[in-house]
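S.K.: Here is what each chain is made of, one letter per residue.
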Amino acid sequence: MEILVILVPLALMLGGAGLAGFLWSLRSGQYDDLDGAAWRAIADDEPPQEAPAKR
Amino acid sequence: MQVTRDFSHYVRAAGEGLQHIDLAVEGVHCAGCMAKIERGLSAIPDVTLARVNLTDRRVALEWKQGTLDPARFIDRLAELGYKAYPFETESAEAAEVAESRFLLRCLGVAAFATMNVMMLSIPVWSGNVSDMLPEQRDFFHWLSALIALPAASYAGQPFFRSAWRALSNKTTNMDVPISIGVCLALGMSVVETIHHAEHAYFDAAIMLLTFLLVGRFLDQNMRRRTRAVAGNLAALKAETAAKFVGPDEISQVPVAAIHPGDIVLLRPGERCAVDGTVIEGRSEIDQSLITGETLYVTADHGTPVYAGSMNISGTLRVRVSAASEATLLAEITRLLDNALQARSRYMRLADRASRLYAPVVHATALITILGWVALGASWHDAIVTGVAVLIITCPCALGLAIPTVQTVTSGAMFKAGVLLNSGDAIERLAEADHVIFDKTGTLTLPDLEVMNAADIPADMFELAGRLALSSHHPVAAAVAQAAGARSPIVGAVEEAGQGVRATVDGVEIRLGRPSYCGAEGLVGLTDDLDPEASIVAFCKGSAKVILSVRQGLRPDAHAVIVALKARNIGIEILSGDREAAVKAAAQALAIPEWRAGVTPADKIARIEELKQRGAKVLMVGDGMNDAPSLAAAHVSMSPISAAHLSQATADLVFLGRPLAPVVAAIDSARKALHLMRQNLWLAILYNVLAVPVAISGVVTPLIAAAAMSGSSILVMLNSLRARSASRESR
Chain A
1 MEILVILVPL ALMLGGAGLA GFLWSLRSGQ YDDLDGAAWR AIADDEPPQE
51 APAKR
Chain B
1001 MQVTRDFSHY VRAAGEGLQH IDLAVEGVHC AGCMAKIERG LSAIPDVTLA
1051 RVNLTDRRVA LEWKQGTLDP ARFIDRLAEL GYKAYPFETE SAEAAEVAES
1101 RFLLRCLGVA AFATMNVMML SIPVWSGNVS DMLPEQRDFF HWLSALIALP
1151 AASYAGQPFF RSAWRALSNK TTNMDVPISI GVCLALGMSV VETIHHAEHA
1201 YFDAAIMLLT FLLVGRFLDQ NMRRRTRAVA GNLAALKAET AAKFVGPDEI
1251 SQVPVAAIHP GDIVLLRPGE RCAVDGTVIE GRSEIDQSLI TGETLYVTAD
1301 HGTPVYAGSM NISGTLRVRV SAASEATLLA EITRLLDNAL QARSRYMRLA
1351 DRASRLYAPV VHATALITIL GWVALGASWH DAIVTGVAVL IITCPCALGL
1401 AIPTVQTVTS GAMFKAGVLL NSGDAIERLA EADHVIFDKT GTLTLPDLEV
1451 MNAADIPADM FELAGRLALS SHHPVAAAVA QAAGARSPIV GAVEEAGQGV
1501 RATVDGVEIR LGRPSYCGAE GLVGLTDDLD PEASIVAFCK GSAKVILSVR
1551 QGLRPDAHAV IVALKARNIG IEILSGDREA AVKAAAQALA IPEWRAGVTP
1601 ADKIARIEEL KQRGAKVLMV GDGMNDAPSL AAAHVSMSPI SAAHLSQATA
1651 DLVFLGRPLA PVVAAIDSAR KALHLMRQNL WLAILYNVLA VPVAISGVVT
1701 PLIAAAAMSG SSILVMLNSL RARSASRESR
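Here the protein sequences line up with chains A and B, keeping their order. Terminal number for the first sequence in our numbering: 55, no gaps in between. Terminal number for the second sequence in our numbering: 1730, no gaps in between.
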């Protein structure tokens, strides 16, 4: 049962990390546009703007 | 005179030499629109940020300070095919957004704590029946307390605050039993843990908060979303006024940037966006949005004009007395205040439920304690059992019963073109059994139509339409639109108050008053048919026609009246307009009960009379004169074209030309109320089953947790039926 001393704090730390991640994502406005975010994931990439210069 | 568009009012400094503006955009529906707009705007040099928010239908733009004029973005979006207008966040919407975020933070904390406490509780539950050492159980209980106590004190804030507010006003609400239940459960669990007892309820208390926060968040999100849409619609009306910035120079500025004392120019065909007094010029104005009266009023020096009036014939200079929001006629303001006070007495279904609920539950808990003591149990065991009763009856399902249905229903209504202004409007709308319609702008469309277009030879009509493009008169604009005219006739001359004339292929054509076209003889033939119409004449050489222009009925008005009658709802018309005009509309729609020439006070009196008889009145109106009666009625609706004040007062706002949303809203509301009641019964049924178990003292934390989540999920699933029902009916 000594393993609890490691496992319980580990579980709490993982949970805490999840909570911190959630609060950070909330603060940085990632829940402001849920509809848009769903589409952005499958949108095409921007065409390279200065394509001739790169060649 | 030079006219410029000035949007500087909406531009904010974003730091680091950047400027920021938010635009509301119409017609953004998909990823394609989003990419098109973002690319189109980013292509403008010096634009550093162009980001579409698809949920709120807005675009945020940033650019290097002093390099670009915001008007250019609006023009660019117009080229791309989107109507856009700068947007200013109202304080009400900002508050909703902040509240929404706070609830989501609370929900995040509560969900985190629930998961971790559960992780610790499940070993305890299984250990209690096998081989767990008491020391290990205590250790797990203390860990649970360490997580649950801070989390509950943070995530419980919305409930504790609301309960405290209710108690300090000497009333109760649903949050009072919730707060008591949570605090007692946590307190008892700490005491039990100290005494090395077998059961602790940290998991139940924190899970309860999580479920309730879900309901609270859904409710809040619905309100936030409605506010955002309403804000966009207000912005897209693009209300501007031509303000004098020099003796001869005017600038087209947004209404929000106009202050009392400014002087604005009101040209023919423009709708006034401010309240003020005429200081120069002479014209006829259409005040139908304010009084319901469709006859024009003459305005000259000293005449007060109100936001919403349409200027018809001449140009006016107006000194602003109040900007758009702060209006109005003292009489209407006074009536409105009285009516709003009366309305706040309505008690929501949830509050009525909680008023019954709290005393019953607390009495049951007390009786349980006393009963066990009387039967010889120790005080400690009796109190533990009493608290278990409170935990198991904590209104988890009850707290979800109403917001979940409201959220689903408001989504269904939104799709049918109806916006909710207040959360309890659904309950009140479902009870409505008598509808009062205003005529002007509600049963009829706010814009003018040519009624006898079919009788006019097509070539004449087309020519009349092209000629009409050269005039600013609203009637001419209606003719031009009805004829689908695009290219104006070159060299057309407008004679103020008379009409327009031009010469085509050597023949003179005229459009205007019948006398201007020499067509008085024709007027007698049609005038008696349509008392409400404005008559204009068109002549080409010696050929003459009469056009009858008026506000047409909404295309589906008749079908809606039939549908309402089929639902056994009483219908009547109360209008401030003339008798002849109201009578014509009532006959066309087969509505036997109608009153004309009604003042705002009369409308309220009629509503009160119906209330006395026990009728629940739904008032549908758009004018400023309707605002007090909208507030006095049991529930009210406005079209989106309504005056500011009416729209702000109405419980629901419907979009578009058809009247059908009125019926759709009533149907969804009735379905929703049915489901809310069903949910409340489900919650009560759950309590009836669970309470005897709790009273008997055999409840373990495992049973409490299972019962609580089971009933909550059942209620949520039942609420989702509001969605499928609305789909069937469409």
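What the hints contain is simulated information worked out from the structure, not anything from laboratory work. Just so we're clear, the structure is a prediction, and the values are computed from it rather than from any experiment. In this text, a Cβ means the ideal position worked out from N, Cα and C, and glycines have one as well. Treat each hint with caution, since some may be false.
To be verified - Just a few of them, taken from the derived set where beta-carbon distance is under 8 angstroms, the chain B residues facing chain A: (1) A1031; (2) V1052; (3) N1053; (4) T1055; (5) R1101; (6) R1105; (7) V1109; (8) M1118; (9) M1119; (10) F1160; (11) H1472.
As the list claims (entries may be wrong) - Quick list of in silico lysine to aspartate or glutamate cross-link-like pairs, DMTMM-like style, CA-CA up to 25 angstroms: (12) B:K1565 x B:E1431; (13) B:K1083 x A:D32; (14) B:K1083 x A:E2; (15) B:K1036 x A:D35; (16) B:K1036 x A:D33; (17) B:K1415 x A:D33.
S.K.: Which hint numbers doesn't this structure obey?
M.R.: 8, 10, 11, 14
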